[in-house]
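So you can see what is in the structure, the chains are spelled out below.
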Amino acid sequence: MIIRQTLTILALAAILGLGLNLFTPNRIAYIGQYRTLSTGNDPIVPPNAAPGDPPFIAVDLAELEFNSGSVIFVDTRVPEDFECGTIFGSINIPFDYLPDEGLEKYLDSALGGVARDRMIITYCSGEECDLSLHLARNLQALGYTRVSIFFGGSREWEKHGLPIERKHACDE
Amino acid sequence: MGKAWAADRKETRVRRVIDNDLLTVIVRVAVGATFIIASVYKIRDPGAFAKSIWFYHLVPGDLINLMALILPWIELLCGLALILGLFYHGAVVLVNVMMVTFIFALSIAIARGIDIDCGCFKAGQAATRAAWEALVFDLVLILFTLQLLFSRSKQWLLSSS
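Residue numbers (the working numbering), protein chains in the order written: chain H, 1 to 172; chain Y, 173 to 333.
Treat the hints with caution; some may be incorrect.
[To be verified] Computed beta-carbon distance windows for the label pairs:
#1 Y:Arg-187 / H:Gly-113: 52 to 60 Å
#2 H:Thr-145 / Y:Ala-202: 43 to 51 Å
#3 H:Ile-15 / Y:Val-201: 24 to 32 Å
#4 Y:Arg-324 / H:Glu-104: 56 to 64 Å
#5 H:Glu-104 / Y:Arg-187: 35 to 43 Å
#6 Y:Ile-282 / H:Arg-4: 33 to 41 Å
#7 Y:Gly-233 / H:Arg-155: 53 to 61 Å
#8 Y:Val-212 / H:Ile-2: 25 to 33 Å
[As the list claims (entries may be wrong)] Covered stretches of chain Y, as calculated for chain H (at least 3 residues, CB under 8 Å):
#9 234-246
#10 249-256
#11 262-273
[As the list claims (entries may be wrong)] Facing chain H, according to a computed beta carbon distance under 10 Å, are these residues of chain Y, among others:
#12 Arg-185
#13 Ile-215
#14 Trp-226
I should point out that these hints are in silico values taken from the structure, not numbers from a laboratory.
Built from N, CA and C at the ideal position, the CB exists for glycine as well.
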């Protein structure tokens, strides 16, 4: 009898959850696209990169790290840009809003106090934007040892059909 | 002999507390309300909940959205079932299974060093430090769901089956 009740609740939940999803404005795909195939290419390196800068990685490596799940992706653009299309699951540390004083404390707390050897990938929108490089330099200077820069940014990420998170459409 | 008798008496006292009708109904309402409240944001915004699940890195990608759609309804129905006393024993089993699952998932996330907001009551965020708090909350909550599991009280159930 307990088993029958349990199964009834589970069946009802499945019917309601899967059924009502057809009618709500917040509907999601039944099968999410959380992993996608990679396409290899060379990393984009900006002209203002200097020796000693953190490594630049291509989209295939960024995707590999993304799928490993142990990496923090940091969107370095302003919140308005972050909200209108960013790499799924990333956090936002706008380079333009970094404080003049107490930078270490600010970044440590923005990263949630993670270990200094945690893999961190910075990026912004694409080739025209080098905020990712500047923030990566800051993190490296503070002793974060595994910082990489994905210079292709959110645009290349989206172009490859990788998971994007979007709060609202961009105001153009 | 006397010792065994004392232990026996203590056990019946524990038994009596667990079986207490008033305690059981209060715990039913409290646990039921907790599950209902926890289900609300998830039902309204399954995408946000899917992301919370994703942060745990425990569920295969293809199953994340299905889980995000179904699990909140299990929580809601169980919450209602506990309060109303309908499908009651099935709901008690399910909330206990859910509690064990949540505690297991949070423990793994903490052990792996994934900093997550648990996604229990609101959408999860990466890189916050709430996983510990959520685990403590769940460890307290499971004491109550276990009380329901062991209580033999049948008071104030809409359907006593």
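Do the hints match the structure? See the list:
1. The hint said 52 to 60 Å for the Cβ distance between Arg-187 of chain Y and Gly-113 of chain H, and at roughly 46 Å that hint is violated.
2. Between Thr-145 of chain H and Ala-202 of chain Y the Cβ separation comes to about 47 Å, which falls inside the hinted range of 43 to 51 Å.
3. At roughly 26 Å, the beta carbons of Ile-15 of chain H and Val-201 of chain Y sit within the given window of 24 to 32 Å.
4. In this structure the supplied range 56 to 64 Å holds for Arg-324 of chain Y paired with Glu-104 of chain H, their Cβ-Cβ distance being about 58 Å.
5. Evaluation of the 35 to 43 Å hint for Glu-104 of chain H and Arg-187 of chain Y yields a failure: the beta carbon distance comes to about 57 Å.
6. As the Cβ distance of Ile-282 of chain Y to Arg-4 of chain H is approximately 36 Å, the hint placing it in 33 to 41 Å holds.
7. For the pair Gly-233 of chain Y and Arg-155 of chain H, the beta carbons lie near 23 Å from each other, so the given range of 53 to 61 Å is not met.
8. Checked against the given bound of 25 to 33 Å, the beta carbons of Val-212 of chain Y and Ile-2 of chain H, roughly 27 Å apart, stay inside it.
9. Here the stretch 234-246 of chain Y counts 11 residues with a CB under 8 Å from a CB of chain H, which clears the bar of 3, and the coverage holds.
10. With 3 residues having a beta carbon nearer than 8 Å to a beta carbon of chain H, the stretch 249-256 of chain Y meets the requirement of three or more and the stated coverage holds.
11. Using a Cβ-Cβ cut-off of 8 Å, 4 residues of the stretch 262-273 of chain Y lie near chain H, which meets the minimum of three, so the contact claim holds.
12. This hint is violated: Arg-185 of chain Y has a C-beta 27 Å from the nearest C-beta of chain H, more than the 10 Å allowed.
13. Restraint check, Ile-215 of chain Y versus chain H: the minimum CB separation of about 8 Å is within 10 Å; hint holds.
14. Annotation: Trp-226 of chain Y was flagged as interfacial toward chain H, and the flag holds, the nearest CB pair being 6 Å apart, inside 10 Å.
Violation of the numbered hints given earlier is confined to hints 1, 5, 7, 12; the remaining hints are satisfied by the structure.
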